[in-house]
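Student: Build out the structure end to end from the sequences listed, making use of the hints.
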Amino acid sequence: MESGRRIEIALDRAVAHAEAPGAPPLLAEALRYAVFPGGHRIRPRLCLSVARACGDDDPGGSEAAAAAIELLHCASLVHDDLPCFDDAPMRRQKPSIHVAFGEPIAVLTGDALIVLAFETVARSAGSHPGRLVRLVGLLGRAAGSPSGIAAGQAWESEAHVSLSDYQQAKTGALFAAATVAGAAAAGAEPEPWRRLGECLGEAYQVADDLRDVACRQEEIGKPAGRDATLGRPNAAALLGTGGALDRLSRLTRDAVAAIPACPGAAALTAEIEAQARLFLPASLRAVVA
Numbered sequence: 014m015e016s017g018r019r020i021e022i023a024l025d026r027a028v029a030h031a032e033a034p035g036a037p038p039l040l041a042e043a044l045r046y047a048v049f050p051g052g053h054r055i056r057p058r059l060c061l062s063v064a065r066a067c068g069d070d071d072p073g074g075s076e077a078a079a080a081a082i083e084l085l086h087c088a089s090l091v092h093d094d095l096p097c098f099d100d101a102p103m104r105r106q107k108p109s110i111h112v113a114f115g116e117p118i119a120v121l122t123g124d125a126l127i128v129l130a131f132e133t134v135a136r137s138a139g140s141h142p143g144r145l146v147r148l149v150g151l152l153g154r155a156a157g158s159p160s161g162i163a164a165g166q167a168w169e170s171e172a173h174v175s176l177s178d179y180q181q182a183k184t185g186a187l188f189a190a191a192t193v194a195g196a197a198a199a200g201a202e203p204e205p206w207r208r209l210g211e212c213l214g215e216a217y218q219v220a221d222d223l224r225d226v227a228c229r230q231e232e233i234g235k236p237a238g239r240d241a242t243l244g245r246p247n248a249a250a251l252l253g254t255g256g257a258l259d260r261l262s263r264l265t266r267d268a269v270a271a272i273p274a275c276p277g278a279a280a281l282t283a284e285i286e287a288q289a290r291l292f293l294p295a296s297l298r299a300v301v302a
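Counting from 14, one number per residue, gives the positions in the sequence shown under the working numbering.
Please keep in mind that the hints were generated in silico from the structure rather than gathered at the bench.
Source: prediction; values computed, not measured.
Just to be clear, a hint being listed does not mean it is correct.
Claimed, not checked - Pairs of lysine to any residue residues, derived as SDA-like cross-links and limited to a Cα-Cα distance of at most 25 Å, are as follows:
hint: 1; residue 1: K107; residue 2: L40
hint: 2; residue 1: K107; residue 2: G51
hint: 3; residue 1: K107; residue 2: R26
hint: 4; residue 1: K107; residue 2: F49
hint: 5; residue 1: K107; residue 2: V226
Tutor: Right, here's the structure in full:
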């Protein structure tokens, strides 16, 4: 089955669990609204790609890991859009959760998605229960502090932060989680895969900074120019468009070089090179063609 279909089925199964009878109707509706329809699902696709490169001996486990990564990502978007952070009215071409459901439900939706991520991997542990402890630890590192997405959000409240530290926590943490969780779900040693995820996470953040500076809201599905408005670090503003594009190319090369020896290394290399171009919207892909 194609990766995208596997991801959507796994996500639907996870969200359906949270919608079970007895769930508060508004929260249940908001959970599904936050997850569907999705974006490119880059992080869970990366998770499945790494699992496949490592043999993917437990497809159910790798699908659960991929779904958990995406649920954490969706939670971070819900929280990121809140009035106390970015106060963003749109996400994925529709009103943000706090606009559609109110701020209290938005806070609870983000919280519930984080919990649901861990429940999802726990429910998949029947085939290889020994892998669960490792996966829970990897997901926890990606979600919390000192270097997970919670820390990345918190850096925005600090007076001084390096661009690299901010990007590694804000974006790189979930990309690194995608690669190490994909390896762990397939029974491989996860830590050799972390560098790949870190490179891809930084590359994606540079591309996102370029989108924020160079694109319109209609193209990217969320308000543009928010980094400048909110005084956030932005690679394109710091390095210029040309410098940011050069950095993106270098990070893509570094990512390919970081792929550990594995049965599917050649296929994974081709996939990463193709996906890296998709990080950018169409108007910027033409610049680097």
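Student: What hints, given by number in increasing order, does this structure fail?
Tutor: When the structure is compared with the hints, none of them turns out to be violated.
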